[in-house]
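Visitor: As you go down the protein sequences, you meet chains A, B, C and D in turn. With positions in the first sequence counted from 1, the corresponding number in my numbering is that position plus 1204. With positions in the second sequence counted from 1, the corresponding number in my numbering is that position plus 34. With positions in the third sequence counted from 1, the corresponding number in my numbering is that position plus 117. With positions in the fourth sequence counted from 1, the corresponding number in my numbering is that position plus 802.
There's no promise every hint is true.
[Unchecked claim] Simulated crosslink set (DSS-like; lysine-lysine; CA at most 27 Å straight-line):
| # | chain 1 | residue 1 | chain 2 | residue 2 |
| --- | --- | --- | --- | --- |
| 1 | B | Lys370 | B | Lys690 |
| 2 | B | Lys431 | A | Lys1208 |
| 3 | A | Lys1208 | B | Lys370 |
| 4 | A | Lys1506 | D | Lys830 |
| 5 | C | Lys415 | C | Lys394 |
| 6 | D | Lys864 | A | Lys1210 |
| 7 | D | Lys834 | A | Lys1506 |
[As the list claims (entries may be wrong)] Derived list of chain B stretches under chain A, where covered just means 3 residues or more per stretch with a C-beta under 8 Å from a C-beta of chain A:
| # | stretch |
| --- | --- |
| 8 | 517–531 |
| 9 | 621–633 |
| 10 | 641–650 |
None of these hints come from the bench; they were simulated from the model. Backbone N, C-alpha and C fix where the C-beta goes; we use that ideal spot for every residue, glycine too.
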Amino acid sequence: MIEKGKIGVRQFTVLVLMYTLGTAVIILPSLTASYAHANAWITMVIAMLIGIGIVFMLNCVISIDWKKNLFELSEHILGKWVGKAVSVLFLTYILLLTATNLRQIGEFITTQVTVETPIQFVMFIFMMTSLIGVRLGLEVIGRTSEIFFPYAFTSLILLLILVAPEADFRNVQPVLQEDIGGTFLAVIPTLTTPYLELFIFLAIFPYVHRFKPAKKAFYIGVIIGSVILTLITLMCLAVLGPDFTARQIFPSYILGKKISLANFLERIEILVAIAWFFTIFFKITLNFYVLNLGMSHFFNLKSTKTLSTPLAFIIIIMGIILFTDIIYYNEFVAYYAPYYSATIGILLPMLLLLVGFIRKKKKKSKVG
Amino acid sequence: MKKKFRDMFGKKQQKPVQTNNIPSNLSSPLVTNLDENVKTVKSKLGNSSDLVTRSIKIGKNQPVRAVILYMDGLADKKFIQDFITETLMLDIRITDLGEGQTISQKQSEAIETKQTQSQGSETKNQDETPSNADQAKKEQTKSDQNSQNNTYQAIQPASSNTSNQKKKTRKPIKLKQLKHKKSSNKQQSSESSESTIGSKQSNQAESGTNEKNQTSKQLSIEQSSSQSSPSTQSNQANQANQQAKQGDFFTILKERSLTGSEVDECHDYFTLFQFLLAGDTIILIDGYAKGFTIGSKGFEKRGVEESSSTTVIRGPKDGFSETLRTNTSLIRRRLKDPSLWIENMVIGEKTHTDIAVCYMKGIVNDDVVQEVKKRLKDIEIDAILESGYIEELIQDKTYTPFPTINNSERPDAVCAGLLEGRVAIMVDGTPFVLLVPSLFVDFFQSSEDYYQRSDIGSALRLLRFVCFFLALLTPSAYIALTTFHQEMIPTQLLISLAAQREGVPFPAYVEALMMEITFEILREAGTRMPRAVGNAISIVGALVLGQAAVEAGIVSSAMVIVVSLTAISSFVFPSFNISISVRLLRFIFMTLAAMFGLVGIILGLLVMVMHMASLRSFGIPYLSPMGPFIPGDQKDSLIRLPLWRLRTRPKLISQKDMEREDTEPAKPKQK
Amino acid sequence: MVNQLMQKKIKSICVIIILTVLLSGCWDARELSDIAIATALGVDKEGDQILVSAQILNPGEIAGNTISTRTAVSTYQAKGSTFFEAIRKLTTIAPRRIYLAHLRMIILGEEFARGGVADVLDFISRDHEMRTDFNFAIARENTAENVVQVLTPLEKIPANKIFGNLQAAEESWAGVSAVKLDELIASMTSKGKEASVTGLWVIGDPEFGTQLENVEASLSPTEIKTDFIGVFKNDRFVDWLNEEQSKTLNRIKNKVKNTISWVPCDDGGKVAIEVFKTHANVSGSMKKGIPKINVDVKSEANVGDVACALNLTKPKELRKLESKFEKSIEEEMKTSIKKIQEMGTDVFGFGEVIHRASPKEWKKVKGQWNEIFANELEVKVNVKIKIRRTGTINQSFLKEIEEKRKQGE
Amino acid sequence: MFKVIVVVLIAVVVFLLDFATVKKSKSKKDKKVYIAFFILALSIVVLHVMEVNIPTPIEGIKQIYQPVAEPIRKSLEKYL
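With the rest of the complex left out, here is chain A (with noise of 0.2 Å):
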């Protein structure tokens, strides 16, 4: 094995925990509301148990062989070479979902904090830290969202509690009456953002202490992260109103404008952005950790960490090239990203279980 540290179960969970808040909680409140409306928030929730049904798949393909990852699975079931085409789409997917999210907090950063920093900037100074993380294994990894998860959490949590007085749940009736349409289908583009990408987990599972609570871990850190992005969604519609949610492009981040308690613990909203930014932070790691994982088991490589300084380059200018605007990237994100992750993240672990299944099976026949 190329990694040989380990992350013990409650790591997994965070780490799981965090990608799955990741990204999403940026900019799937506004993505929601913008077709669901002020049902945004059963979309969130349809998508969730959709989730949790991708999360019951994904573990079946582990337990196929859960010391392997998911390229030394793809190759161990599809045999060398398909295996290895199919690594190459899953290395694909990785690479340009790396550059996205880099995009994304960039994107975030230069529209509401610090404006006349060029991007390039943000996504370098962004992807050196990621790097030093890949660079330090997943060990370190593992404790470090381990260290600011109660921070983060907690943050969300407080961001939830505070807004509270001034939510007005009026706006979010009446509930499931007028697009009811718009609120099924974009259960569509919100499955990509965290559910159909946490199929990197495969690659990340065999690095864990112990596998059978790791499998359990996975649940309790995809239902935990799912119910605080329905938490937000829905207070997103309760303070700012729907439509004043889907004309936002980082509604979040305006919730948190919104805390005010005593006239005194305000303007604090970058605060709560601080916890968004360990949760990407850690999405971006790990997406170019298992980037990097892949690259050395697809050119049987010694060690994760050589291609990873010439890699974080590439998915800067990536993250830049990807997208001309960010008009283009939400029409992207709305309306194409969701079919693409699919493929890699539905099809491709389906294939990965139908054929493991079948050769199970025959293994077994041979020797009945």
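Got chain A; can you put chains B, C and D on it based on the hints?
Guide: Chains B, C and D alone, transformed into the frame defined by chain A:
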């Protein structure tokens, strides 16, 4: 360039060759001739003035000549007087030495016969001052023939000359010796006429005992033979004979008359010097190629005083001192358990520093002990002057701002560490005891946390963690907020900040940097300067730099508050190491804040935590029990739960004998 | 060995180079002494162009140690064809960059508001420096620039004065309403609701208000007063509500925290109560195309001010008083609602109530809601008042005084 | 052009720093793949700096999924 580097490395490789010479030279065994032994010892010490040689006679009828050697200042004079000199010179006369005496008689007779041949020249030698160059040459040739210890002999003539030459020859290096042979001979011949007078004078002062020897020799002719230097014939012939009897004489002396408790024998100069220079007393007896070492360490030392670096309000006030034994005793006094094991080591080719590795057998993780010992053994250095040397040589990672080894001046803290399964490394000559493995949280724990009630202890501990972030981030947060995120500052505060900054000519970063550096200078000056002028610094710091700078409009008053807050916060930590790291990192964070505002600070924090997470202290992840999160160990990390809740020892540090106690919380009896 | 040492040297050099490169990377840094903190913006129309008046703080004057004769705020003005352009043009006059994150008030000139405010709102919600915690107000019968320029006593920052004023008046008077950005946009875009914004009056000579003498007098000749509520139709200002109408509006919107109302006694004189804990429950229904709205107002009150002979020792008397108030408030609300209905703008958000109650029927009427609101909507008002306490005394001493006076006569 | 030179210079420095870690693995393959990727990354960066329009892979993905995406897009846009 390249050549230069190579030269550097080349030199480095040569070094051990040079140093290797000394021990090989020192390891030569003692000889039977007392005077020669004494002479060698003296010459090797370069006739250092703190070496005291007292020659005495033991025995009633046929006294044996002996010399007591000790280092003045290192050894306990009273002890030597009462228990060595007195017993040997007075008490032994009334003791029946019995067998031993007869043996010594026999032996000395045997020696006498052989000795007569060379007596002519040897008697002159008793003056310890070769009066002319010819004699020195003679001896040299003799010694050249003597294969047993040529180096020692080679030194002898030189050392017995002027002090100038002694210096040269004190480094007993073979190569040098050969080179200098000719020149030294020349010098000898040229100086011979003068030296007779000079050396005589000096010797009279130096060894009054020798004169006594001479008179005593006349009284007992038989004994005189044993004073003579060894000749080839006598040595060879007597070797077996002597050794058979010596042992007995030695045991009698050891068992009956040497009342010191630490009595050992030494056979070569190496061990002799080791004991001698550690403050022990050496007794060399004429006719034996070995000597006694008697533990008489009694050098001046600081008493057990209150530790100055870590103070507590409640808790024991004793602190470690510079003496290793005192320190071990302080620990032993607290942990009266046989499982407290103390292993000694000597590190430092020049300092021969005693190092004690302490641990609780059965609690400690044996792998850690093995690792500690291995790392200690791998140290090859000439000097260990403080435990900081050891710390730097055995720590896991050099280039990190964070300390991975804790130190303490407090025995109670060290005992607590031992009981948690840590290994303590004590170094002679410093009151700072190292504790490994040490985790990040350990640097925030004061022993007083456990002496105060748990809720208060917890609150104080939390306060320290808060202070860590305050000390680390206050200036950078100030910079970030005032130059990047003004929207985060409440309007009223922003207005007053802006009002203060009107007219300040520097950007906030430069302002902060200036003030922080000024403060660091103040602090450094405060620690380095003599105590007496301490007040002056505080006046200068507070008034001149603080108030005046604000009034002059060079810095804003908010910045002074920020810097003071930072400064106060950095004094909170019970351990000094972490406060140094914070001081250092603060500047990095300030720079990051000036570049990217809060985003920079956050990324900096991420990198810092990732770096910390990658650290290990003797195999234990540095950030545990937070990352990896160990629920069971949370009871004593950020907060301290009541003692009855601290049932188990920290998980990763000790993995054996986890149970600590089983006390139930005290509850009033219900009627 | 040599290589490693070389590499270390190279590494350290590189770190230094990278650091210096990065140090230049403070694009967004702006020192506190480089920004001009704007606390209020006034928006007016001048021909085709938009005139922006920004109230800029002078921090040294507000928080500094030395007192000078300069004003605490100064106003800068710039014109532009769009709001954004005008704001950017401010920098041509202002010595520093205008910083908008600490904005307290945006004041719209009445003229300007009548012409529609949508484009201004768009910029405000688009700009990253803008927050959402400032209030909107309309300069009543005046231009915003005049309001922005008035200096106020006690509170050195006029915008803060207005902001605080609004907050206080909303809490204990109920005739005004502090409207924030998201609420304003939400009610402007909603099909079943119209926006309403508080008015600002300049009492006295606006010209004199700009001078420092204005704040030097004990009773400032020129003052800013917040009163009345302006109603919008879409993004255009339509009309002013009077005091009762404003109160009614706030009652229905559940914005009343504390207010007073009075009724005449039977034997002349007045009695006033302090109303607190008002809760209005608005329910609606749509049957056969006819929308119906029920407003249930429940209030608790204390007797605040008795200026007539009233026997407050008897519970019966208190109940009588309650029903008297209920009737009076009900009447007041009904007439107010009628008047507002006549204006044809649904500032109450009754449309949304209907929407929530019967979404399917709503779809049919959504298009012409304002007409339906004006003509067909039936509004029932039901007020319940519970008087809890009579203050620190029970019986008024007015009776005794009255008797004494009579004796004297 | 100046920008390109700066980028290449930085790349050389990064290479010198980074290649040491690759060297440690003592695998020829690692080195080869590393160098290949490094050149790839460098060329992309240089192209970007020279403001050459690099076609985005997103267009390709859009083309591939056009038949699936378009009808759903239309029905989604109804709800905007």
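Visitor: Can you list which hints this structure breaks, lowest number first?
Guide: 3, 6
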